[in-house]
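All chains should be built: construct the whole structure from the sequences, respecting the hints.
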Amino acid sequence: MEKFLAADGDEASKRDRWKFQGHSYLREMFINVNSVFEYGIGVSTKIASNVGIPRYSCVDSDAEFVENLRNELNTDYFRFNYAKIGDSFRSLYDYQAGPLILEEIPFEIYLVNAKRIGMHWVAFVEEVKEEGTRIYKMKEGITSPYESKFDTLSRTLYGASVGPASTIRNAFDLIRWSNSTSTTNGGLGPTDRKLLGIVYSSVKLVFEYGLGESSYIAAHVGVPLYSGTDSEIKWVSMVHSKTLDHIRFFFSDVRKLD
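Numbering (my numbering), first residue to last: 1 to 258.
The reader is advised that the hints may include incorrect statements.
[Said to hold, decoys possible] Taking lysine to aspartate or glutamate pairs in the EDC-like style, the calculated list, with each CA pair at most 20 angstroms apart, reads: (1) 46 / 62; (2) 234 / 208; (3) 194 / 213; (4) 242 / 208; (5) 242 / 62; (6) 234 / 62; (7) 234 / 76; (8) 84 / 64; (9) 194 / 208; (10) 242 / 232; (11) 194 / 173; (12) 84 / 208; (13) 84 / 62; (14) 46 / 76; (15) 234 / 253; (16) 234 / 213; (17) 84 / 67; (18) 84 / 230; (19) 46 / 104; (20) 242 / 72; (21) 204 / 173; (22) 46 / 72; (23) 242 / 213.
Hints listed in this document are in silico derivations from the structure and should not be mistaken for laboratory results.
So this is what it looks like as structure tokens:
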């Protein structure tokens, strides 16, 4: 403890003092609130778990880090989100607005990691916090024509980011596919692959609950608009890295019930 409270010292000690003071500030702040949302996870997430914040949600772009911290804390009611960061409208929507869409009640604190997201977002989430009460009142039956800036911006981002892409539609060849590196051990047999190849080659919109080889088939035949979700975050990240940019994947934080 002395090295944190010392009046002077080497650079390492100064950094330690800064970390200690920062962690103490977060702990004190979290103890006095009931809900927190974080852009970018880390030590602050552990502090939130340690003080027992009743309602917590977050988003991060590092799949492995999200999974490891989620398993380490084992706080079942904490909600973890995973999304890629980028400059596209789709990335802005998935990372910045998407995790908040399902939240009906605003959070008391929005903690933003400046390394992962532009600081202009601070003003945006403050607007969410202020106007969120009005959104909630509308859902409780209080009549109001008001649309919050969060509603407006998220709707605009969604409209700009979601839409059929101009893709090359490829025919599905079962023999070639079976000899490729895209097959998995997820349980699809030749008949399943052939059926999916035929169906996905003839449609424009696909949504999947559970990702796998079928996701690769969707990318291969060039489905113009595809989204899918899975509860295995590493699989979500891996499939995302091996498919086309317009294909969207979401991590669903599903836990086993006792």
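Checking against the hints above, which ones are violated? Hints 19, 20 contradicted; others consistent.
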